[in-house]
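Undergrad: Below are the chains, spelled out letter by letter.
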Amino acid sequence: MVIEPRATEAMRTGRRNRGSAGPAVLLSLLLVTLVVATVYVFAARLFPAPPPITQVAAQVDHQYSLTLYATGAAFVFAQLGLAYAVFRFRDRGQHAHFTRGNVVLEILWTCLTALVFLVLGILGSRVWAAVQFSPPAPDTIQVEVTGTQFVYTFRYPGPDGKFGRLDPALVNAPAGNPLGLDPNDPAAKDDIVTSTLTVPVNHPVELLLRSQDVVHNFFVRELRLQQDAVPGMLIPLHFTADRTGRCEIVCTQLCGLGHYRMRSFLNIVSESAYEDFLKQQAAAP
Amino acid sequence: MSASAQVGIGAPKGFLRRYIFSTDHKVIGLQYLFLALVAVTLGIVLSLLMRFHLVWPAAHLPFVSGGIMTPEQYLALVTMHGTIMVFFVLTTAPQSAFGNYFLPIQIGAPDMAFPRLNMLSFWLTLAAFLCMIAAFVVPGGAPISGWTAYPPLSGLGDVTGPGEGAGQTMWIVSILLFCFASLLGSINFISTTIDMRAPGLTLMRMPLTVWAWFVTAILSLLAFGVLLAGGILLFLDRSAGTSFFLPAGLVVNGELQIRAGGSPLLWQHLFWFFGHPEVYIAILPGMGVASHVLANFSRKPVFGYRAMVFALGAIGFLGFLVWGHHMFVSGMNPYSSLTFSVLTMSIGVPSAIKTFNWLGTLWGGKLQFHPPMLFAIGFVSFFVTGGLSGIFLAQPAVDTMLHATYYVVAHFHIVMGVAAIFGIFAATYYWFPKMFGRMMDETLGKLHFWLTFAGSYCVFMPMHFVGIEGGVRRYADSSGAAYLAALQPLHRFMTVAAFATAAAQLIFFYNFLWSLKRGKEAPVNPWSATTLEWITSSPPPADNFDGHFPSVYRGPYDYSVPGASQDFLPQNVPPEKYARVNQETPNGG
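First to last, the sequence lines map onto chains S and E. So the first sequence is numbered by this note's numbering: it starts at 3 and just counts up by one. So the second sequence is numbered by this note's numbering: it starts at 679 and just counts up by one.
It should be emphasised that the hints constitute simulated quantities derived from the structure, not laboratory data. Be a bit skeptical, because a hint or two may be false.
Claimed, not checked - Part of the chain E face toward chain S, derived, beta carbon under 10 angstroms:
(1) Tyr828
(2) Pro830
(3) Phe1034
(4) Ser1059
(5) Asp1077
(6) Met1079
We put the beta carbon where it would ideally sit given N, CA and C, even for glycine.
Can you make the complete structure from the sequences, with help from the hints?
TA: Quick look at the structure:
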């Protein structure tokens, strides 16, 4: 039984598939449209990220652009290659060109791809090093950021420059102690607790991220920075904003039903306005 | 082939033994396929509800209690859509369904190595699916922690949110069952491939589909074991008061939690040690199918067969070394990010080899645009697009800008969602005649392709731009941050495109069901193909070859071999016969 590898006459002569022009043209056109539309949207910068507000963010943008050029070229090459092959080699009754491969070609494009990835990888690593491996400057302002379902709480160490002790057992947001500051610790007396983040312009700032309950995240798109706030960990993150303004801080790590409305503001103000802010906060009860 | 061939020898007689509690790999493959079809329908409906809610958050929905969807209901959709699609569609259809059905036939075997284990795998998967669905109806509803289920959100019970009580427990139990099923399945796939190949079927003569299923099975074996362990620990944290993933000092909803010593990052490492290979578990079988189908309808051998095999292996191996790229912003050591970044970039090399070789396979061919071919070409297009956007995310410095935005959603939906589903569609159109003995309708199949191809790009390309502008994923609506409002027009466009693309899938379901009953009767080898599934009847008899087990004399893709009298040489045609193949009945058995 079974076993009947016999082709139909039409199959052998290729006549059966003379109708391949329609699909070939349509598919090529779709692929070309895809390429043209994608290149246009990126080239015309129809949907740009907001302008960067730190040196590092500008470096990130630069690396992003480099990657866009490299992958964009590959995208155009591959999709147009596909479109060309689909159109050019559609079944017109010709014989397929028999080949099992080409070792030289394969080695060539393997090395080429590896080279592109290597260069991108090295350049990208340098930007990452700028973000992560350079220690903050000595006069850095430290602010602690605490994530709680679904609010951010910011704490400044106050005039003594020291953060007071926190005790989870003392956390009581309704009573005005959302972080659990220990009233018996003298260093805690002058700590300033706020619901928005205010920092001076052109001054290095180090954030210390922590969380009380679940994993949260601190994301400011103008900084090009995201960092999770993980319970049990204190994660540093530093930046120096080069212009004043107000940016939104949003949570990007799924933290519960109010995740979408967990946000705060980053106010970047002049040095003098920052001093005023601190005085004002210290005077508040 | 006569209908009696379907019955064949050794097929059990009773309905239950033959179609329900069957140990026949073909029946089990179909059971997986139908399970995946049910799951994908549900998954699509959930995604449409999400897309609808994102654009019209205040709309009254008759089936939602209270009329208006709450944020927790939205997050339940997020969780269940992701989980159902990843596990019960993208893992189940390409590997368990088509792998089960065609791996034994393509290697000339009568069944899997362990048929009863195979049956157990399916029933465990079905139990896992029912358990997952049940999470919708338990008190509190389905979990809201996403398919990644990061603790502490997922580790403390309903104190962290609705759905985190019974719903999250059902989720974990379902995942544990699924892990068991996948482990058993992978043992079966590996043993079968190693032990049961036909005489002459050396490893380097295996179809690339078999290679893909084989490598995927190895990945499953190594990855699901880790998820199983992680899942058990999470289960214990929730129900036995342990603290594997929970540190001291947690204050949730004003309550101090009595836990200490655990690490939320530990779960992330365990999860992604599974989670990244899982991406390849979903996509490798699609790569195999694409290679297989492109060669068939280009009437050419696969370009660089050996390189394709090594690339599959390299992707599988490297896939285990890159999980950290999901954790660049997690708080892990930034030096390890660099290592993970370099390793991730290196996966681009074998992926590029595959892409070049697919183009090389088409080049100089004689392309026949049947629906499976169209979907295979679509697979290549989406794989390229989705793969390239991954190069941004592989660099930690760029990832800190795009992480957890819709850019990531676009990336993984295109590469592991759409591309993998195009692989599944290619497989379905290609093998439907073999599985059911009838052809699917070509015109409807092509129409389905055009709408799905254009529609999928319309849904997922704009998503990149939402992400670049800072649109955050997993947000129930855009009211939380002011800048999100500007992204709503893009969301509206994507929602309309999503509904249109989903509607186009009705064409597929109609074609599928109609063709089951009314399709043109399929010959043994409708595509003039070379591999062993095409030398047996459609559908194959119970033992696949009715006692005439083939011997193999050649590689899997001998198309348009110079000197041959026809443009394909099935693997069982002996060398001395190929010139006269039309006069022979080569059965090699």
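Undergrad: Hint by hint, say whether it matches the structure.
TA: Hints versus structure:
no. : hint    : result
1   : Tyr828  : holds (5 angstroms)
2   : Pro830  : holds (5 angstroms)
3   : Phe1034 : holds (5 angstroms)
4   : Ser1059 : holds (6 angstroms)
5   : Asp1077 : holds (8 angstroms)
6   : Met1079 : holds (4 angstroms)
Hint compliance for this structure: every hint is met.
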